[in-house]
Amino acid sequence: QKEVEQNSGPLSVPEGAIASLNCTYSDRGSQSFFWYRQYSGKSPELIMSIYSNGDKEDGRFTAQLNKASQYVSLLIRDSQPSDSATYLCAVTLGTYKYIFGTGTRLKVLA
Amino acid sequence: DAGVIQSPRHEVTEMGQEVTLRCKPISGHNSLFWYRQTMMRGLELLIYFNNNVPIDDSGMPEDRFSAKMPNASFSTLKIQPSEPRDSAVYFCASSLNGGQGRRETQYFGPGTRLLVL
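If you read the sequences in order, they're chains A and B.
First residue of the first sequence? That's 1 in the numbering used here, and the numbers climb one at a time after it.
First residue of the second sequence? That's 1 in the numbering used here, and the numbers climb one at a time after it.
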């Protein structure tokens, strides 16, 4: 079992719709969770961080964490073509390691 | 405030040659990470430094890979000799590690695209 699992996609949504990206992780001791966005040919950039169970909202983005189910998700409301990218889930493991999923490719159709 | 700086941005070399990648972390950050990204394997952690000391190099694929951090503002990743399978994008990232518990965000540099012919 991979430590962090994401559906590779592509996930296609029409412009204006809600995109839902999911991530599961295997280490129950993980304490910090991050969503990064990576455009083709570019470096990952932070979208959201979440540390406690529940929802965290920032503009059009909402991160959801459920530690009991070892599940973290990212919702993008009012999806725009500019949101088309690969979204990487990252989970901390132990005292310093960040384990990244292989990413979900999102395509927002105009 | 400048982000993480990496050089070169692109490197094309021939098999057997030595390759040196460079990284300048964000000022004040005490943790530095080298990653390799490929389509097949995604982002893989190669080595982690904390306060300039290598803490975990278990991700370094072979003895051909070595990394140094002589001071808080500079790190190198060296491949000698290089092989075609080393072709990938190499990212440097830095963060502020405050100790146990919550981990702080990692900030990535622009990456070095390495092609070994």
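Hints may be right or wrong, so weigh each one.
[Said to hold, decoys possible] Derived DEER-like restraints, expressed as beta-carbon distance ranges:
no., chain 1, residue 1, chain 2, residue 2, range
1, A, L11, B, A2, 30 to 40 Å
2, A, E3, B, I55, 11 to 21 Å
3, B, R113, A, K2, 18 to 28 Å
4, B, M15, A, I18, 40 to 50 Å
5, B, Q17, A, G29, 34 to 44 Å
6, A, S26, B, S73, 27 to 37 Å
7, B, S7, A, N7, 31 to 41 Å
8, A, G41, B, L96, 26 to 36 Å
Because the hints were derived from the structure by calculation, they are not lab data.
No experiment lies behind these values; they were computed from the predicted model shown.
Backbone N, C-alpha and C fix where the C-beta goes; we use that ideal spot for every residue, glycine too.
Practice item. Hints the structure violates: just list their numbers, smallest first. Key: none
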